[in-house]
Amino acid sequence: MIVADRKSLNEILDMVKNYNKILVVGCKGCVTVCNVGGLKEVQVLAASLKIGRKKEERPLEVDEKILERQCDPEYIEQLKDVVDNYDAVVSMACGVGPQFLSEAYPNQKFFPAVNTTFYGGAVSHGIWEERCAGCGSCIIHYFDGLCPIARCSKSLLNGTCGGSDRGKCEISKDVDCIWDKIVKKKIAQGRLDDLLPITPAKDWRTARDGGPRKARREELIQNG
Amino acid sequence: MANASENKTIGSVMVVGAGVAGIQASLDMANAGYYVHLVDNSPSIGGLMAQLDKTFPTNDCAMCVISPFLVEVGRHLNINIISNSELETLEGEAGAFRATLRNNPRYIDAEKCTACGQCRDVCPVTAVNEFDCNLDLRKATYIKYPQAVPLAYKIDRNTCIGCGMCEKVCLAQAIFYDDKVRQTTIEVGAVVLAMGNDVFNPSAFDTYNYANHPNVVTSLEFERILSASGPYKGHLMRPYDRQIPEKIAWMQCVGSRDINRADNSYCSSVCYMYSIKQTLIAKEHAEMPLDTAVFYMDMRTYGKEFDKYYMRAQDGGVRFIRSRVHTIEPAGDGDLKIRYVRESGELEEETFNMVVLAVGLTPSKDAEALAKRIGIDLNAHRYAKTNDLSPVSTSRKGVYVCGTFQGPKDIPQSVMEASAAAAQATQNLSEARWTLTRTKELPPEKDFSGQEPRIGVFVCNCGINIGGVADVPAVREYARTLPNVIHVEDNLFTCSQDTQENIKKVIVEKGINRVVVASCSPRTHEPLFQETIRETGLNRYLFEMANIRDQNTWVHMHNPERATAKAKDLVRMAVAKAAYVEPLQQVILEVKPAVLVVGGGVAGMEAALGVARQGYQAYLVERSNLLGGVAHQLRLTWQGEAVAPYLKELIENVQNHERIQVFLETEVTHTTGTIGNFITTIVSKNGSQKTAVLEHGAAILATGGKEYKPTEYLYGKHPNVLTHFDLDQAITEESGTLKNAKMAVFIQCVGSRTAERPYCSRVCCTHSLKSALTLKKMNPEMKIFIVYRDIRSYGFREDLYKEAREKGVQFVRYDPENPPNLTSDEQNNLSLTVKDHILQRPLEIKPDIVILAAAILANENKKFFEIFKVPTNSDGFLVEAHAKLRPVDFGSEGLFLAGLAHYPKSLDESIAQARAAVSRTMNIVSKKGILVGGVVAAVNSDRCAACLTCVRTCPYHIPRIGEEGYAIIEPAECHGCGICVSECPGKAISLQHFTDEQINAKTDALFSAA
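In order, the protein sequences belong to chains S and L.
1 is the number of the first residue of the first sequence in this note's numbering; add one for each residue after it.
10001 is the number of the first residue of the second sequence in this note's numbering; add one for each residue after it.
Among the hints, erroneous ones may be present.
[To be verified] For each label pair, taking beta carbons as the anchor points, the in silico distance ranges come out as:
1) Glu77(S) / Arg10312(L): 51 to 61 Å
2) Gln78(S) / Glu10561(L): 45 to 55 Å
3) Leu220(S) / Arg10312(L): 56 to 66 Å
4) Glu10963(L) / Gly145(S): 23 to 33 Å
5) Glu10963(L) / Asp144(S): 29 to 39 Å
6) Glu219(S) / Glu10963(L): 27 to 37 Å
7) Glu10963(L) / Asn107(S): 43 to 53 Å
8) Arg10480(L) / Asp72(S): 52 to 62 Å
9) Asn115(S) / Ser10982(L): 17 to 27 Å
10) Pro10645(L) / Arg191(S): 54 to 64 Å
11) Gln78(S) / Ser10684(L): 50 to 60 Å
12) Leu10442(L) / Gln78(S): 43 to 53 Å
13) Glu10963(L) / Asn115(S): 31 to 41 Å
[Claimed, not checked] Derived pair list, reagent style DSSO-like, types lysine-lysine, alpha-carbon separation capped at 27 Å:
14) Lys10233(L) / Lys10566(L)
15) Lys54(S) / Lys11002(L)
16) Lys181(S) / Lys154(S)
17) Lys7(S) / Lys10987(L)
18) Lys65(S) / Lys10987(L)
19) Lys185(S) / Lys10846(L)
20) Lys109(S) / Lys214(S)
21) Lys11002(L) / Lys65(S)
22) Lys202(S) / Lys154(S)
23) Lys50(S) / Lys11002(L)
24) Lys10987(L) / Lys50(S)
25) Lys10846(L) / Lys10717(L)
26) Lys10566(L) / Lys54(S)
27) Lys10987(L) / Lys80(S)
28) Lys109(S) / Lys21(S)
29) Lys54(S) / Lys10987(L)
30) Lys10863(L) / Lys185(S)
31) Lys55(S) / Lys11002(L)
32) Lys10566(L) / Lys55(S)
33) Lys10987(L) / Lys21(S)
Just so you know, the hints here were simulated from the structure itself, not pulled from any lab data.
Model, not experiment: these values are computed from the prediction.
All C-beta atoms, glycine included, are put in the ideal place defined by N, C-alpha and C.
Make the full structure from the sequences, and use the hints.
Laid out in structure tokens, this is it:
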């Protein structure tokens, strides 16, 4: 899933400082699952904004809403009757949400309440880790299911580098060296020879380097 | 109560002693269909545990964990608490006893007393507070502690001057100066003795200066010092000058393991753990860094998670010094000087601000006298005599024992035995089950749906407890102005019997459909009022309480005006919530009267047999082709009872019992359902793949453990290196190697207390001592060494240690850093080198045989445990619901555990735990139906994102994501704690009776001051 992190209250208060009536919109997708933008967080943020503004003696009117997803126009459309009742709208979805909203409602102002951080998962409750960099051409099968693009600080294809120290990456003792894990797993499986050939440089055009990406599935696209 | 005629089994039981063991036994029996008379010589129940501050190894507050049990006993329809009374005689026999009780006068009618405390406030007499170990004062009219049950005062006539003040102020008219000793008799089918213990009084130890120096305190006194409700309100101070100590020493084994001064040769079993706990808690209480030193002989942290607790203390800087201190000398300014010998032999001198004597447990004088009166044999240590193979039976048939009257032990072991005694006591009474119990007939509930709230508010004066501070009439009139309120009144005592009748009358007359009581604590009184309104046909959840006493007039007694204002706030909040409360329906689910037992070892067989003997069907599933488990390899119990004949008889009894169905070579593959109604699929593994589906109301998991196969010390490489089980077999077979052996060495802690397995296997020290004595008996000339780290012969097992030393067994201690080294030369001669801690030099021993005290491991059952969703700890042992008070239950209702799968334990302990599990299942399967629902979590599936937050945060592992893709929380299993509700990121879960709407109404009311 997409993992996000809520922006600080001060940052959000600053975004909406010129408005007196806003809508906070959550998303029932990834951001609910990573405990950042579901209905509970919508209510917490709404209450916090109200308290923050009350302290400034400039009360803020806040309504709360949750959409199934903010990355589908049909759900976005569910706001059409109310969206113009507000001075501004704060989205608690990932970066996709405020953009879909902005495109659908060109006259309204939308603000992101969260920082979208990475593609990953919860290794345990409250701890999420990055697993995928969305590079557009998956190679993890060469590395026994461990992705050096997302999980090596340098995205090296031929590791380890000299910065690997007792299984940790030189950038921080909290970061595992994924190449250390790849090598150990190969040894454990008796397939260290797999790493003898040099992996050639990756074609990064499928990643962000090739510019904004688009996926078309001709068989799904309906005529008209 | 009905009188039992001659020879007829009586469906009631008597429990003597209302400490934690007596309470557990009473609850178990009362919930399984017997009327219980709970007799205690104290004015209130709770025993020693109520005096403790925290409990090891979880550091839970003792009062917080025992208090709900006290309340439950106090309110139980089928438990009759007979406090302030002693058992005088016991006539008759098992099934039909006649007990004569001496009821000592209380001088206050406990039925009428509302515990308002006026009598105490006016009492001019000052007396010492025994509950606080004489460190504090009380009045002549007193209550032991605020949570006491029965919640009623008592007059101590030894100190009372008879001034009559209390009688004048008691508005409940409960004072009864002329109260006299009375004698009553009760008829019961069985008796459980749970009289507990005293703690050792070290006054006679002049070298410790306890009697002369206030800063030398006993461990129980230190518990009170640490307690937030104690004499110093939880502030760490020393008695002499109320200074904050910076250095405290603990002296272990005071009054235990001592025949020189104390006459108690046994080990008190609990003192090491409570001392470690006290060091940790004292450090928490101290604002400045606190230096703590524990002087000890052997570190006996032999229980579950105990060694880890010990290591935590070591990491936390607690100093553990292996030395028995002879003298504690005053050093001026209240300080104390201690001289001790370091292990290296040097004499050290150190001054401490305070010394805690870790006093042992001693048999209670009263209990001893009682045992003699009713003809119960005591052992050499003056505790109730029992056998290992019938661990809770006394010498008198129909009379059972549990807790520390049977021997020194910790709380979970006492609780286990209490349940075991309950099972044994009721085993032969099953024909009389439910014959003497009381039930309450209730009218059908009225349907108020669609009606506007009609709220009645009752404001209590609580004598002058509330009315003497707050302006109760003003509060009452204020309540009249609140929305939806149609009736208000104030009462002298809202909880009194006549007020209850009045409340019922008013509810019916005025058509009230929501009730608010503004009085004391819901903890003690909410169920009472709920019952009252239920009797009129109102659902019990159409009730709200405002605590305007404990949380208002008691704490703001010097500020009456603001107390009145706060009372109004609290009433306004309660009324606001009451408008939104909804009736909650509890449904009755039918119960399958059968128990599934998994594991055919001793624990499993004892459990199955116990269930069958209680009159219910048992299914016993064992994956091997043989019943008996590891007990087949065990020769003797620690007290020397032969295991083989017992095992043979047990297997026969199990196989021949009409209500036990045994499935050998069978495994569980699937289970569904909840408490009372499980459906489990079992598949035969003997090639036939035969499948059976069992319906059962409860399950007992007794999947057992095994002896570790050592990789150390040439095991498997040299024929004369044996484990305990190997040695037991060799002794049984009278092996020639043993007969010819001239020297034997036992090596302790092989595979236990290591980095990989940081736990103590509990039984190996005792097993080595027992085996060493057997070898000595076979060949008195044999030289025997036991190479050990700490000898952990807890309780009366210490007798074996003493005997072994007397018989010439040599003990050599080693450090884990310098483990012994065992080698073998070309001629297969063994040689063991170990550094002797006294000589500080390596010692070379050339043994003929070496016995490894190998660790006890839990059997691997990962898949099976996952089927039942029961948790294991990092060592692979099953985790019980609560380490102290629910040692046989799992967090999931209806599932129980017993035997080695829980933790290493001796055969007697396994048997006791198995029987305890039987008792716990009787609380379920003996009932026709169980009530489900009420204050539980409910999932709105539309909002659920299946994010797993509830699954991961529930402390009881109840929620799961169902096949439909949303969270499912079974009302029958939910504990109603509300954690998932607060964590759910989708707001998909709500807690009934505590919904957002209800809580928001309450907080809105708080902030919208009138």
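Checked hints:
no., hint, verdict
1, Glu77(S) / Arg10312(L): 51 to 61 Å, "holds, 58 Å"
2, Gln78(S) / Glu10561(L): 45 to 55 Å, "holds, 53 Å"
3, Leu220(S) / Arg10312(L): 56 to 66 Å, "holds, 59 Å"
4, Glu10963(L) / Gly145(S): 23 to 33 Å, "holds, 28 Å"
5, Glu10963(L) / Asp144(S): 29 to 39 Å, "holds, 32 Å"
6, Glu219(S) / Glu10963(L): 27 to 37 Å, "holds, 30 Å"
7, Glu10963(L) / Asn107(S): 43 to 53 Å, "holds, 45 Å"
8, Arg10480(L) / Asp72(S): 52 to 62 Å, "holds, 55 Å"
9, Asn115(S) / Ser10982(L): 17 to 27 Å, "holds, 25 Å"
10, Pro10645(L) / Arg191(S): 54 to 64 Å, "holds, 58 Å"
11, Gln78(S) / Ser10684(L): 50 to 60 Å, "holds, 56 Å"
12, Leu10442(L) / Gln78(S): 43 to 53 Å, "holds, 48 Å"
13, Glu10963(L) / Asn115(S): 31 to 41 Å, "holds, 35 Å"
14, Lys10233(L) / Lys10566(L), "holds, 26 Å"
15, Lys54(S) / Lys11002(L), "holds, 21 Å"
16, Lys181(S) / Lys154(S), "holds, 15 Å"
17, Lys7(S) / Lys10987(L), "holds, 21 Å"
18, Lys65(S) / Lys10987(L), "holds, 12 Å"
19, Lys185(S) / Lys10846(L), "violated, 46 Å"
20, Lys109(S) / Lys214(S), "holds, 26 Å"
21, Lys11002(L) / Lys65(S), "holds, 24 Å"
22, Lys202(S) / Lys154(S), "holds, 13 Å"
23, Lys50(S) / Lys11002(L), "holds, 19 Å"
24, Lys10987(L) / Lys50(S), "holds, 20 Å"
25, Lys10846(L) / Lys10717(L), "holds, 17 Å"
26, Lys10566(L) / Lys54(S), "holds, 25 Å"
27, Lys10987(L) / Lys80(S), "holds, 24 Å"
28, Lys109(S) / Lys21(S), "holds, 12 Å"
29, Lys54(S) / Lys10987(L), "holds, 25 Å"
30, Lys10863(L) / Lys185(S), "holds, 25 Å"
31, Lys55(S) / Lys11002(L), "holds, 23 Å"
32, Lys10566(L) / Lys55(S), "holds, 25 Å"
33, Lys10987(L) / Lys21(S), "holds, 24 Å"
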